[in-house]
Amino acid sequence: MAAAQRGFSWQAYVGLAGQEPSVALGEVFRLLGRVQDTFGSVPRCVVVDVARRAGMSEARLYGALTAYPGSRLLREA
Amino acid sequence: MSRSETLVLKRRVGSAASASLGLAAYEATGGLAGLRRALAMSPAEVVAEIKQSGLTGRGGAGFPTGTKLEFVGSQTRCPKYLVCNAAAGEPGTGKDRLLLEHDPWAVLEGMLIAAYAVGAKEGYAYLRGEYEPVYDLWDRLLGVAEQAHLLGHGILGSTFSFRLQVVRGRGLYIAGEELALIASLEMQRPTSRPRPPYPAQSGLFGQPTSVHSVETLANLPVILADGAPAWRRLGTPEGPGTRLLTLSGDVCRPGIYELALGSASLRELIDDLGGGVTGGRAVKAVQPGDGSSALLGAGALDCPLTAGAIREAGSPLGTGAVLVYAAPRSALDIVTGLLDFYAEESCGRCMPCRLGVLRMRDTLQRLNAGQGSPEEVKRLAEIGQSCLGRMSVP
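These protein sequences, in sequence, are chains A and B. Following the working numbering, the numbering of the first sequence begins with 1 at its first residue and continues without gaps. Following the working numbering, the numbering of the second sequence begins with 1001 at its first residue and continues without gaps.
Extracted from the complex, chain A is given alone in its bound form (with noise of 0.2 Å):
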């Protein structure tokens, strides 16, 4: 299932994120916990988009993200 049929859009997102177009390092974490509370799960693009803006690897993120069993993750989009 894509993410957009979950309730997700990139316009929200954005909106989620701010219109800053870096992530601070302490931002990470609370913003992917508020697209993980408004859509249901992080989409696979939100990761890319996220891991780009904060400087860190795509592998960092995923590795840090899947340490905690409250983490709902979607493969596609």
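Calculated directly from the structure, the hints in this document are not laboratory data. Just so you know, even glycine gets a beta-carbon here, dropped at the ideal spot from N, CA and C. Some clues are possibly wrong.
If we take Cβ atoms under 10 Å as the criterion, some of the chain A residues that face chain B in the derived model are [said to hold, decoys possible]:
no., residue
1, 12
2, 26
3, 38
4, 40
5, 45
6, 52
7, 56
8, 60
9, 63
10, 65
11, 66
Simulated DEER-style distance windows between Cβ atoms [what the hints assert, rightly or not]:
no., chain 1, residue 1, chain 2, residue 2, range
12, B, 1201, A, 59, 28 to 36 Å
13, B, 1281, A, 73, 55 to 63 Å
14, B, 1028, A, 48, 49 to 57 Å
15, B, 1133, A, 41, 42 to 50 Å
Based on these hints, arrange chain B on the given structure of chain A.
Here is chain B on its own, set in the frame of chain A:
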């Protein structure tokens, strides 16, 4: 009832001030007096006052709070951070939620006092993932606090500024450990690491960081408002103040009770406040600290509730989550259940915890199924001994 509670931290629970986010009601019941007094003093004087009170950390380790604040306060590197650890997920503990939900302003005031004392301008409150209603409440609280000039620039007309962010964890037990919590906020994989460096030297983003538990912070407004000597009147000279004890297990009235340290014994807590053991059975064992503290036999029941006396009986007072087990329960079952939890929640960073806990659980399961042998019992004791004191999260 021969014993009753001493309400200091719980004094606003269930009152009008706690029912809504009314800041006026909080002030009317003595709120903000501590912060006002602190802001009129220099940060060093605030630290000295807290040191004089003899308050120790209520999160588990029991380290003197004043000394902890002094470490961070004496660091010259900036920025410094203040972190409120509301992610403690020890089996059997529930006191944080009570304070966060029923007296949130006191916790916030405590954070502001601690931040002022160490010179932190930014702070994080890390809530447990399971505390969803609390998270919503704190979201609203921050809005109200900013409007009332309790957060942001120039708090209560002073030159002190503080920015607070509320972060919600994702159901991870290890995130309640201060270094794992810091790693979590930094978006690192949340695991502990060896100390030193302590968070006071190199914590969040490598900066000096002061991490305190909710109950510790909630004590600060009381200390600053009434003064350290008045606060010291409760409890014992070695362990002043009150403790929130989460009583659970085989008791008639489980709940969160507040007692002055040393004012009652474990037996009085269980019988007088907890209404005794369910079904009138005999107590078989008690864990006075939390799920990670040692099981004490019925012989330790008359031990007074102070950190020192409980430690002498063989177990730390920890987070003050008292778990009571009554007669027909099997000690094997209790320990296997607890080890199940710790095996599941191990962050996997250090060997004794990752493998030792797993092996101990497996051995216990075999013993439970009647497949054990004397060698296995011996091996179990060996593993236990070799793990003791070698885990990075004790």
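Hint by hint, here is what the structure shows:
Against a cut-off of 10 Å between C-beta atoms, the interface hint on residue 12 of chain A is violated, since the closest Cβ of chain B lies about 18 Å away. The criterion of a C-beta within 10 Å of any C-beta in chain B is met by residue 26 of chain A, whose closest approach is roughly 6 Å, and the hint holds. Restraint check, residue 38 of chain A versus chain B: the minimum CB separation of about 13 Å is more than 10 Å; hint violated. The beta carbon of residue 40 of chain A comes no nearer than 14 Å to any beta carbon in chain B, farther than 10 Å, and the hint placing it at the interface is violated.
For residue 45 of chain A, the interface hint is violated, since its Cβ never comes within 10 Å of a Cβ in chain B; the closest pair sits about 18 Å apart. A cut of 10 Å between beta carbons decides the hint on residue 52 of chain A: the least distance to chain B is about 14 Å, and the hint is violated. With its C-beta approaching chain B no nearer than about 7 Å, residue 56 of chain A sits inside the 10 Å limit, and its interface hint holds. Interface restraint check for residue 60 of chain A: the shortest CB-CB distance to chain B comes to about 8 Å, inside 10 Å, so the restraint holds.
At a threshold of 10 Å, the smallest CB-CB gap from residue 63 of chain A to chain B is about 5 Å, leaving the interface hint in force. At about 8 Å, the closest approach between the beta carbon of residue 65 of chain A and any beta carbon in chain B falls short of 10 Å, and the interface hint on this residue holds. The criterion of a C-beta within 10 Å of any C-beta in chain B is met by residue 66 of chain A, whose closest approach is roughly 9 Å, and the hint holds. At roughly 30 Å, the beta-carbon separation of residue 1201 of chain B and residue 59 of chain A lies within the given 28 to 36 Å, and the hint holds.
The hinted range of 55 to 63 Å is not satisfied by residue 1281 of chain B and residue 73 of chain A, whose Cβ atoms lie roughly 47 Å apart. Checked against the hint of 49 to 57 Å, the C-beta distance between residue 1028 of chain B and residue 48 of chain A comes to roughly 51 Å, which is consistent with it. Roughly 21 Å separates the CB atoms of residue 1133 of chain B and residue 41 of chain A, a value that falls outside the hinted 42 to 50 Å.
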